[in-house]
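S.K.: Chains X and Y are the protein sequences, given in the same order. So that you can map any letter, position 102 of the first sequence is 102 in UniProt numbering, and since no number is skipped, the others follow by simple counting. So that you can map any letter, position 177 of the second sequence is 177 in UniProt numbering, and since no number is skipped, the others follow by simple counting.
It cannot be assumed that every hint is accurate.
All copies of an identical chain are treated as equivalent in the list; a pair is satisfied when it fits inside any one copy or across any two copies.
Straight-line distance between alpha carbons at most 27 Å, and here's what the computed DSS-like set of lysine-lysine pairs gives [to be verified]:
1. K226 / K214
2. K194 / K263
3. K6 / K276
4. K214 / K194
5. K263 / K192
6. K2 / K192
7. K24 / K257
8. K263 / K214
9. K166 / K192
Hint data in this document are derived by calculation from the structure and do not stem from the laboratory. Please read all numbers here as calculations on a predicted model, not as lab measurements.
Letter by letter, the chains look like this.
Number of protein chains: 2
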Amino acid sequence: MKISAKEAAMLLCAHDRILILSHKNPDGDTLGSAYGLLRALRSLGKTVRTQCTDRLPQMFSYLADGVQQEDFTPEFVVAVDVASVSLLGDAVTEAYPNVDLCIDHHHTNELYAQKTYLYDGASACEAVYEVICEMGVSITPDLADCLYTGMATDTGCFRFSNTTPKTMRLAADLMEQGARYAELNRLLFETKSKERIAVERMVLDTISYAADGKIALICISQEMVKESGADESELGGISGIPRTIEGVEIGITMREKEAGGYKISVRTAAYADASKLCAAFGGGGHIRAAGCVINAPYEQAKTMLLEEAARFL
Amino acid sequence: MKISAKEAAMLLCAHDRILILSHKNPDGDTLGSAYGLLRALRSLGKTVRTQCTDRLPQMFSYLADGVQQEDFTPEFVVAVDVASVSLLGDAVTEAYPNVDLCIDHHHTNELYAQKTYLYDGASACEAVYEVICEMGVSITPDLADCLYTGMATDTGCFRFSNTTPKTMRLAADLMEQGARYAELNRLLFETKSKERIAVERMVLDTISYAADGKIALICISQEMVKESGADESELGGISGIPRTIEGVEIGITMREKEAGGYKISVRTAAYADASKLCAAFGGGGHIRAAGCVINAPYEQAKTMLLEEAARFL
Numbered sequence: 001m002k003i004s005a006k007e008a009a010m011l012l013c014a015h016d017r018i019l020i021l022s023h024k025n026p027d028g029d030t031l032g033s034a035y036g037l038l039r040a041l042r043s044l045g046k047t048v049r050t051q052c053t054d055r056l057p058q059m060f061s062y063l064a065d066g067v068q069q070e071d072f073t074p075e076f077v078v079a080v081d082v083a084s085v086s087l088l089g090d091a092v093t094e095a096y097p098n099v100d101l102c103i104d105h106h107h108t109n110e111l112y113a114q115k116t117y118l119y120d121g122a123s124a125c126e127a128v129y130e131v132i133c134e135m136g137v138s139i140t141p142d143l144a145d146c147l148y149t150g151m152a153t154d155t156g157c158f159r160f161s162n163t164t165p166k167t168m169r170l171a172a173d174l175m176e177q178g179a180r181y182a183e184l185n186r187l188l189f190e191t192k193s194k195e196r197i198a199v200e201r202m203v204l205d206t207i208s209y210a211a212d213g214k215i216a217l218i219c220i221s222q223e224m225v226k227e228s229g230a231d232e233s234e235l236g237g238i239s240g241i242p243r244t245i246e247g248v249e250i251g252i253t254m255r256e257k258e259a260g261g262y263k264i265s266v267r268t269a270a271y272a273d274a275s276k277l278c279a280a281f282g283g284g285g286h287i288r289a290a291g292c293v294i295n296a297p298y299e300q301a302k303t304m305l306l307e308e309a310a311r312f313l
Numbered sequence: 001m002k003i004s005a006k007e008a009a010m011l012l013c014a015h016d017r018i019l020i021l022s023h024k025n026p027d028g029d030t031l032g033s034a035y036g037l038l039r040a041l042r043s044l045g046k047t048v049r050t051q052c053t054d055r056l057p058q059m060f061s062y063l064a065d066g067v068q069q070e071d072f073t074p075e076f077v078v079a080v081d082v083a084s085v086s087l088l089g090d091a092v093t094e095a096y097p098n099v100d101l102c103i104d105h106h107h108t109n110e111l112y113a114q115k116t117y118l119y120d121g122a123s124a125c126e127a128v129y130e131v132i133c134e135m136g137v138s139i140t141p142d143l144a145d146c147l148y149t150g151m152a153t154d155t156g157c158f159r160f161s162n163t164t165p166k167t168m169r170l171a172a173d174l175m176e177q178g179a180r181y182a183e184l185n186r187l188l189f190e191t192k193s194k195e196r197i198a199v200e201r202m203v204l205d206t207i208s209y210a211a212d213g214k215i216a217l218i219c220i221s222q223e224m225v226k227e228s229g230a231d232e233s234e235l236g237g238i239s240g241i242p243r244t245i246e247g248v249e250i251g252i253t254m255r256e257k258e259a260g261g262y263k264i265s266v267r268t269a270a271y272a273d274a275s276k277l278c279a280a281f282g283g284g285g286h287i288r289a290a291g292c293v294i295n296a297p298y299e300q301a302k303t304m305l306l307e308e309a310a311r312f313l
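Only chain X is shown next, with the shape it has when bound in the complex:
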């Protein structure tokens, strides 16, 4: 059942011993939502903890600054930024099969919770902010940092097309309430690990162009990953590189699998349909971003991709 921000606030106010769940492979939005809501509820004197099937990534450790997690049997379970129960991870779902409240912003939310506040906007943190305001909690700088984190990370620091005037205004409010946005932006958007820089350098060496520069293709091999020492979290966004090149309509990234063969990511700029291109290889996705798998040696897979891609220009 869908409810409003005010009803979600009333539900939270009426309960204690609250468990807040984040989705697996947690990002800034699910974590910012969870720690923001935890801080708000604790300021009302409630017993609260957060849980996620994966560890808190180092880069988001500041969200939990000063937060001691307590052990208790929850009376009320809230999921934040979790569109589907499968995103909680098996162990969490087994331990807490019933989710009382979900606060989310995904159109695809499966309405698995007893009650769902489904917000139409860029980030779950915007939804949580609304709920917190309805609870009459005053926003501390630590809380502002949490909510700013989700708004900024889900919008690429207010750069992606999902950014709305409302996102900008809510972020402005948080900046006034003490969010350390300059430091956060530097940490979240400007810092790359040495390993990431190393793998990027190797990947840029593999760029090839086709169709008068309308297609660009890069490859991330197992050897590059090993040699650079980069882990999975440090490879994020690399498949976005080919499309950022001026004049490129179809950007293709070939990621060598451990067992051989390639995982393919396709990103398109303006008119080519990435999902149709990937469908030709048994894959799928969205118009601007899609994927597939090709189990063939490098040169063969590359040729197949470039030939197919040319048909979409």
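Assemble the complex: chain X is given as a structure, and chain Y must be docked to it using the hints.
M.R.: Here is chain Y on its own, set in the frame of chain X:
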């Protein structure tokens, strides 16, 4: 003499045949301000043109979409985002030695104009927006694009520490008034030329680390620039790369000069004083960003820099 936004608006309303000047090496803020103000004044029926000593860069050509420049003898001269008369360029200064009004946001503005509206904020476009609102002009999408351009480019798309809550709210207003922010952000912040990608690849190959990774150094040689085909405007921001690496306190960029020797850019992250480091080589600048020139062969210059830099950790 300093005046308010309202007084600036009244001055503009009281005049016709208005010339708007931008600073040399024009950026998104001076150009967005100029074309935004031109569109506003023309909507009031005035005769207006813009002028800049340098050509409109290709990437900002959309600012002038549909704008025909007319030739006339100006009755009133306005400079936008121009802190010093020297930034107008000699030819412009000679032709128009008297600037009637300056709309700017640089603390260092030399108050060279008859009247100056000096705005305290991230971009001149914010100041121009205030003036335009005082004139009672309604904001069209084209006008919103111009003003959004300056706000976004001067703040690195709302990422830099100069961003204020006010910047965010004014940008939100422009988004509602039709600014094509998704397209603009893609054009301004996500697109790199093939030449830029090529030179970046070569530059990343030169990274060396010192002092346990607290110092990172890159080099841009004349050969790289030639081989990649990159022009000066495509090299912007490269000197920011070393400092973006995790753990790096001092990022150094050596740019080989045509005549030999190196132009050095130093960027520091948190505590090292870049200006003092550069002063050791006769240069200077700010705490976080400074420069100097070292006329020595590559290995010698690099050794000197790394030794001196280590003293600032």
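S.K.: Are the hints correct? Go through all of them and say.
M.R.: Hints, one by one, checked against the model:
1. K226 / K214: Intra 31 Å, inter 23 Å, cutoff 27 Å: inter-copy only.
2. K194 / K263: both (24 Å within a copy, 25 Å between copies)
3. K6 / K276: neither (42 Å within a copy, 55 Å between copies)
4. K214 / K194: between (31 Å within a copy, 11 Å between copies)
5. K263 / K192: Both ways: K263 and K192 sit 24 Å apart in one copy and 25 Å across, limit 27 Å.
6. K2 / K192: Answer is neither; intra-copy 40 Å and inter-copy 44 Å both fail.
7. K24 / K257: within (22 Å within a copy, 50 Å between copies)
8. K263 / K214: within (21 Å within a copy, 35 Å between copies)
9. K166 / K192: Result: close neither inside a copy nor across copies, 30 Å intra and 29 Å inter.
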